[in-house]
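Place chain B with the ligand on chain A using the hints.
For the record, the sequence lines run as chains A and B.
Read in order, the letters of the first sequence correspond to residues 1 to 309 in UniProt numbering.
Read in order, the letters of the second sequence correspond to residues 1 to 478 in UniProt numbering.
Treat the hints as calculated values from the structure; they're not laboratory data.
Quick reminder that beta carbons are idealized off the backbone N, C-alpha and C, glycines included.
Any given hint might turn out to be false.
Pairwise CB distance ranges, derived in the manner of DEER restraints [stated by the list, open to error]:
hint: 1; chain 1: A; residue 1: K273; chain 2: B; residue 2: S192; range: 55 to 61 Å
hint: 2; chain 1: B; residue 1: S192; chain 2: A; residue 2: R229; range: 51 to 57 Å
hint: 3; chain 1: A; residue 1: K104; chain 2: B; residue 2: I106; range: 25 to 31 Å
hint: 4; chain 1: B; residue 1: G114; chain 2: A; residue 2: E303; range: 53 to 59 Å
hint: 5; chain 1: A; residue 1: D191; chain 2: B; residue 2: K245; range: 29 to 35 Å
hint: 6; chain 1: B; residue 1: N363; chain 2: A; residue 2: Q232; range: 32 to 38 Å
hint: 7; chain 1: A; residue 1: D13; chain 2: B; residue 2: R118; range: 26 to 32 Å
hint: 8; chain 1: A; residue 1: D120; chain 2: B; residue 2: K463; range: 16 to 22 Å
hint: 9; chain 1: B; residue 1: P117; chain 2: A; residue 2: K104; range: 18 to 24 Å
hint: 10; chain 1: B; residue 1: G256; chain 2: A; residue 2: E303; range: 45 to 51 Å
hint: 11; chain 1: B; residue 1: K463; chain 2: A; residue 2: S272; range: 50 to 56 Å
Below are the DSS-like pairs computed for lysine-lysine, each with C-alpha atoms no more than 30 Å apart in a straight line [what the hints assert, rightly or not]:
hint: 12; chain 1: B; residue 1: K434; chain 2: B; residue 2: K305
hint: 13; chain 1: B; residue 1: K391; chain 2: B; residue 2: K381
hint: 14; chain 1: B; residue 1: K382; chain 2: A; residue 2: K104
hint: 15; chain 1: B; residue 1: K443; chain 2: B; residue 2: K391
hint: 16; chain 1: B; residue 1: K434; chain 2: A; residue 2: K299
hint: 17; chain 1: A; residue 1: K49; chain 2: B; residue 2: K201
hint: 18; chain 1: A; residue 1: K299; chain 2: A; residue 2: K273
hint: 19; chain 1: B; residue 1: K388; chain 2: A; residue 2: K101
hint: 20; chain 1: A; residue 1: K208; chain 2: A; residue 2: K273
hint: 21; chain 1: A; residue 1: K239; chain 2: A; residue 2: K213
hint: 22; chain 1: A; residue 1: K79; chain 2: A; residue 2: K3
hint: 23; chain 1: A; residue 1: K104; chain 2: B; residue 2: K463
hint: 24; chain 1: A; residue 1: K273; chain 2: A; residue 2: K239
hint: 25; chain 1: B; residue 1: K388; chain 2: A; residue 2: K104
hint: 26; chain 1: B; residue 1: K391; chain 2: A; residue 2: K101
hint: 27; chain 1: A; residue 1: K79; chain 2: A; residue 2: K49
hint: 28; chain 1: B; residue 1: K201; chain 2: A; residue 2: K79
hint: 29; chain 1: A; residue 1: K104; chain 2: B; residue 2: K391
hint: 30; chain 1: A; residue 1: K101; chain 2: B; residue 2: K392
hint: 31; chain 1: B; residue 1: K475; chain 2: B; residue 2: K245
hint: 32; chain 1: B; residue 1: K305; chain 2: A; residue 2: K273
hint: 33; chain 1: A; residue 1: K151; chain 2: B; residue 2: K310
hint: 34; chain 1: A; residue 1: K299; chain 2: B; residue 2: K310
hint: 35; chain 1: B; residue 1: K382; chain 2: B; residue 2: K443
hint: 36; chain 1: A; residue 1: K104; chain 2: B; residue 2: K110
hint: 37; chain 1: B; residue 1: K110; chain 2: B; residue 2: K381
hint: 38; chain 1: B; residue 1: K381; chain 2: A; residue 2: K273
hint: 39; chain 1: B; residue 1: K104; chain 2: B; residue 2: K463
hint: 40; chain 1: B; residue 1: K463; chain 2: B; residue 2: K201
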Amino acid sequence: MPKYYHDDPAWSDIDPLPQDDGTLHPLAAIAYTEEYSEAMGYLRAVMAKNEFSERVLGLTEHIISMNPAHYTVWLYRAKTLSQINASLRDEIAWLNPTALKHLKNYQIWHHRQTIIDALDSPDGEADFIATMLEQDAKNYHVWSYRQWLVKRFGLFDDEEELRWTESMIESDVRNNSAWNHRWFLVVGGRDGQAIGEDVVAREIDYAKRAVRKAPQNQCPWNYLKGIVRHAQLPISTLKDFALEFADMRRPDDIYSSHALDLLADIYAEQESKEEAERALHLLATRFDPIRAHYWNYRKSLLEQAGTAA
Amino acid sequence: MAAPRPSSSRTPSSRLEGILADTDRIQELSDSDGEYEDMGTATQEEMANIAYLESVRIPIEDGLTTESSAVTEETLQAVLPFLESNPNDFPLNIFGLPQLQREKHINFLKHALGDYPRQFAMMDASRPWLLYWSLQGLTALGYDISEYRERVAHTFTLAQHPEGGYGGGYGQLPHLAATYAAVLSIVMVGGSEAYESINRKAMWRYLGQMKQPDGGFTMAPGGEEDIRGAFCALVVLSLLNIPIKLPPDAPARTHGLTSFLDNLGEWVSECQTYEGGISATPLNEAHGAYAFCGVGCLSIMGPPKEMLNKYLNMSTLIHWLSSRQCAPEGGYNGRTNKLVDGCYSHWVGGCWSIVEAATASTNICNRSALARYILSAAQAKKGGLIDKPGKKPDAYHSCYNLAGLSHAQHRYTYEAKVQEDLGGGDLDAPYYWKAQGDYDDEKVWGDTDIVNEVHPIFVIPFKAVHDCRRYFMEKEGF
Ligand SMILES: [Zn+2]
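One chain only, chain A, in its complex shape (with noise of 0.2 Å):
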């Protein structure tokens, strides 16, 4: 059943502000509903008054029940919600499967987080991300607010979310997602603090490990050479690490293009010129041939390097 306003007597007082399109046709003009049009003319006629209450909530969520894309109207939702102080519990038990239907949406995950910062507790979030993941994985939005949850209640060093992280690490290897997740608990969200040797020995062993099971998934290797590029190391600390995937001497024994891709690195910062040049000139004709031009770019800057030397 289509809802209208103009024949409810809670709405009398309004007088909608129609869409009013002028005398030119408007480009890409949608044909609205009756009910649509209808909602939108007594939404804007309460924005101009500036009135907030408990009948734009139920406004709102009427247009939003119709289209959930709709920055404006969750906007003006939000800030009726802190004008009359609702209840925010009330707010998340309708928010969620709302966000479960339109996993996409920008603006259901930034209407969550004005919501729970006002409400100062992450309590129930967790479970309820992971419930989002389990049907979208890298959903973006959904990891983003994760790590917006983590910084604003500091759960940098809550062991469950370290844990959790690596779980779902664990159950796909190659969710980068999850990988930018640890760095930000790990390093990245900590302001510039300096991390422990016994931590930066801690993710080195745990990306090997990672590599192990899948030699040609580039996150760990991206990982790894980020902890070493972090704490100061030079690159060759991985050089016996990347030669057990990619010995030169035997090129038909190559089980990853980015070991040797991370071995040109390390044979270039320690000014091993021409087996820099070798590994570079696999990665071009043999292992990664589709960025040849980029192989053969780092090669250039290996001559540059050279002649400034």
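What follows is chain B with the ligand alone, placed relative to chain A:
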């Protein structure tokens, strides 16, 4: 350790499976017409395509299957028939690839500017985008959009907010994405009437409300802060020649900021992740669309060479961008281990001219593989362009595949002396770009497959950029 299978060959689509027993055999077959006839299935073009695909394949595949590897493999199997063969029966160019279906795409995009039935209510807040994507797609295809000039100006007059900026439509709150799309659409159709429809002084005030003390920008009042905001705001400031000093009532002033550029480079810098790519906000995952916003934003703040090297680690950025190209598909994905998608032809593909200008290198990426993906796999049979085979065409993927094709075909260079009459003001860096010939070393497109040049930062035609900037440079005050 799960046993890796070096050199195991990834199977092409089943129909042509038998042919790809080994590469030498392909050579033999293509050398001998008689034998090749006997195969009965593959044309000469198909044989060439298959040999090409084999030549850009990564010859390593891990044994372990996970959800990611399974969907990647599924995607490859959906895309391969289009790269090997011509399931849409398009006419082929001299390189044996589908020709650009110009007329069909023009019809699709003109249709996208027309009326929508009521089921499209969820697009109500995105109508400025529909206009921008369609108009930009049309200009890339060489279609004269001047017939839309009055209606574009009219559509956005309705969507302009009295306190500045544009919303999705009449009565909607201003939003930086809508504002960006609106301004670019108005600039594309051009003309003083369209330019003058923009309330620049109110725009200045609105942008002042979006500026945050940490340097970034929110998308809307009370909305989210992310790198799209920073890019969209700078595009608008630069094209409309709006002062870079913050308006007096900007909340960021109470934190000691005085300019739109304060803390901005540092904020963008914080969005670069350990992988080298750029994320929506500091410490999220690196993502192709946000990478373009980040390098675009810096390239408006100053010359790319100076700005990118100052605020970004270029070697990890280039490594990450390069890793986005999927093999053997040739198109880009948006994140590590995600799927190839035609829109990243622009988001990632468009970063290259800027990055190459910043490193004084040319051709770090594989433009021909990208063009191959767009022509072969991203054109819908009935017109419009797509994410990948099996998806429906839309204005968004049409716009960004065509922009990607433009990046693949044209060489854009940054020269400090190009448009002297446009330089000198605030945020003048984007006016030193110039289209300088085509990439034709490894081209896979015929002359009729070439799309128009696209400004590498603003992603609209160069002439529209220059006309607009000149108009607002000559105008005193608001
Ligand atoms: Zn896409």
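Here is what the structure says about each hint:
Between K273 of chain A and S192 of chain B the beta carbons are some 59 Å apart, a value that agrees with the proposed interval 55 to 61 Å. For the hinted restraint 51 to 57 Å between S192 of chain B and R229 of chain A, the CB-CB distance of approximately 52 Å keeps it satisfied. For the pair K104 of chain A and I106 of chain B, the supplied restraint of 25 to 31 Å holds, since their beta-carbon distance comes to about 29 Å. Checking the proposed 53 to 59 Å range against G114 of chain B and E303 of chain A shows it holds: the Cβ atoms sit about 55 Å from each other.
Take D191 of chain A and K245 of chain B: their Cβ atoms lie about 30 Å apart, and the range 29 to 35 Å holds. Checked against the hint of 32 to 38 Å, the C-beta distance between N363 of chain B and Q232 of chain A comes to roughly 33 Å, which is consistent with it. Distance hint check: the CB atoms of D13 of chain A and R118 of chain B are about 29 Å apart, consistent with the given range 26 to 32 Å. Separation of D120 of chain A from K463 of chain B is about 53 Å and departs from the stated range, judged on CB atoms against 16 to 22 Å.
At about 22 Å, the CB distance of P117 of chain B to K104 of chain A agrees with the hint of 18 to 24 Å. Separation of G256 of chain B from E303 of chain A is about 46 Å and conforms to the stated range, judged on CB atoms against 45 to 51 Å. The supplied range of 50 to 56 Å is met by K463 of chain B and S272 of chain A, whose beta-carbon atoms lie about 51 Å from each other. For the hint linking K434 of chain B to K305 of chain B, the alpha-carbon distance of about 15 Å falls within 30 Å, and the restraint holds.
Taking the CA atoms of K391 of chain B and K381 of chain B, the gap is about 11 Å. The hint holds against a cut of 30 Å. Proximity of K382 of chain B to K104 of chain A is assessed by CA-CA distance (about 27 Å); at most 30 Å being required, the pair is judged to hold. With a CA separation close to 27 Å, the supplied pair K443 of chain B and K391 of chain B stays within the 30 Å bound. The hinted pair formed by K434 of chain B and K299 of chain A meets the criterion: a straight-line CA distance of about 28 Å does not exceed 30 Å.
Restraint check: the Cα-Cα separation between K49 of chain A and K201 of chain B comes to about 25 Å, which is no more than 30 Å; the hinted pair holds. Pair hint K299 of chain A plus K273 of chain A holds up; C-alpha atoms about 9 Å apart against a cutoff of 30 Å. For a cut-off of 30 Å, the pair hint linking K388 of chain B to K101 of chain A stands: about 24 Å separates their Cα positions. For the hint linking K208 of chain A to K273 of chain A, the alpha-carbon distance of about 26 Å falls within 30 Å, and the restraint holds.
With a CA separation close to 19 Å, the supplied pair K239 of chain A and K213 of chain A stays within the 30 Å bound. The suggested pairing of K79 of chain A with K3 of chain A holds, with an alpha-carbon distance near 24 Å, which does not exceed 30 Å. At roughly 36 Å between alpha-carbon atoms, K104 of chain A and K463 of chain B are farther apart than 30 Å, so this suggested pair is violated. Taken as a hint, the K273 of chain A and K239 of chain A pair is honoured in the structure, with Cα atoms around 15 Å apart against an allowance of 30 Å.
Restraint check for K388 of chain B and K104 of chain A: satisfied, since their Cα atoms lie roughly 19 Å apart, inside the 30 Å limit. Under the criterion of a C-alpha separation no larger than 30 Å, the hint pairing K391 of chain B with K101 of chain A is consistent with the structure, at around 21 Å. This hinted pair checks out: K79 of chain A and K49 of chain A have alpha carbons roughly 14 Å apart, not beyond 30 Å. Of the pairs offered as hints, the one joining K201 of chain B and K79 of chain A holds, with about 26 Å between alpha carbons and a cut-off of 30 Å not exceeded.
Simply put, K104 of chain A and K391 of chain B have alpha-carbon atoms about 17 Å apart, close enough for the 30 Å limit, and the pair holds. Distance hint between K101 of chain A and K392 of chain B is fulfilled; the C-alpha atoms sit about 21 Å from each other, no more than 30 Å. About 18 Å separates the Cα atoms of K475 of chain B and K245 of chain B, which keeps this hinted pair within 30 Å; it holds. Proximity of K305 of chain B to K273 of chain A is assessed by CA-CA distance (about 27 Å); at most 30 Å being required, the pair is judged to hold.
Distance check on the hinted pair: K151 of chain A and K310 of chain B sit about 28 Å apart at the alpha-carbon level, within 30 Å; holds. Distance check on the hinted pair: K299 of chain A and K310 of chain B sit about 23 Å apart at the alpha-carbon level, within 30 Å; holds. Between K382 of chain B and K443 of chain B, the direct Cα distance comes to roughly 25 Å. Compliance with the 30 Å bound is thereby established for this hinted pair. The hinted pair formed by K104 of chain A and K110 of chain B meets the criterion: a straight-line CA distance of about 27 Å does not exceed 30 Å.
Taking the CA atoms of K110 of chain B and K381 of chain B, the gap is near 17 Å; set against the 30 Å cutoff, the hint holds. Between the alpha carbons of K381 of chain B and K273 of chain A the distance comes to roughly 50 Å, so the proposed pair goes past 30 Å and is violated. Restraint check for K104 of chain B and K463 of chain B: satisfied, since their Cα atoms lie roughly 25 Å apart, inside the 30 Å limit. Taking the CA atoms of K463 of chain B and K201 of chain B, the gap is about 25 Å. The hint holds against a cut of 30 Å.
Hint check: violations occur at hints 8, 23, 38; the rest are consistent with the structure.
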